[in-house]
Amino acid sequence: MEEQKKKVRLYSLTTCPTCKKMKKILDDHNIQYELIEVDLLDGGEQWVTSKEVKRYNPAVTYPTLVIEEVIMEPDEEAIKKALDISDDSGYIR
Amino acid sequence: MTSDRLYEILSRYAESQGIQLNNESEYVLDILEGLLTNESRYGYRSCPCRLATGIKEKDADIICPCVYRDPDIKEFGSCYCGLYVSKQWNEKKIKHIKVPERRSKERSGEQRDDV
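First to last, the sequence lines map onto chains L and Y.
Counting from 1, one number per residue, gives the positions in the first sequence under my numbering.
Counting from 1001, one number per residue, gives the positions in the second sequence under my numbering.
Next up, chain L with everything else stripped away, as it sits in the complex (with noise of 0.2 Å):
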């Protein structure tokens, strides 16, 4: 199978139904993913976890999928296609 272009990681808690309704949409697509179940991890890395689903979603709700998009090139398109920056250098949306 094709590496996917972007990155895919959901944090989900594996008691939470519409975490799984998320994982149903991703599995569906084939989409590849990361999954983090939160609630199952220890305490430190549960801690070190919560801290990263902050700075995505500072409410830490979950679930919290994250979708990125990785740029190794100074590849100008590149980069601006991943950001919808339009020729005008402004942002479209």
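To be clear, the hints were calculated from the coordinates, so they are not data collected in a lab.
Heads up, none of these hints are tricks.
List time: in silico DSS-like cross-link candidates among lysine-lysine, alpha-carbon distance up to 27 Å: (1) Y:Lys1092 / L:Lys20; (2) Y:Lys1087 / L:Lys21; (3) L:Lys51 / Y:Lys1098; (4) Y:Lys1098 / L:Lys20; (5) Y:Lys1098 / L:Lys7; (6) Y:Lys1105 / L:Lys20; (7) L:Lys24 / Y:Lys1095; (8) L:Lys20 / Y:Lys1056; (9) Y:Lys1074 / Y:Lys1098; (10) Y:Lys1058 / L:Lys51; (11) L:Lys23 / Y:Lys1095; (12) Y:Lys1056 / L:Lys51.
Fit chain Y to the given chain L structure using the hints.
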């Protein structure tokens, strides 16, 4: 306790409170499984849609029914988790939206003591 039995009990309890369980029974049974998992993990039924610390005093506000349930049902027709809802919500007379987290960010980020 099985989730089916809990479903029967909570249906009656909801009725007694003038509210209802979400009429998507499969979704409700998932929530109830989560509640029972949390009960065996922590000794109390903390909200399965939120991360519990396992320390009862810190989780007191999210033990189901959580303290946010009534204001959430009043404002949005549904609790945060979508377990308890108003009759109007079940009848789709109220728009179904993702209920925002009413719990303070500080409390949502609270940690277990074993870090």
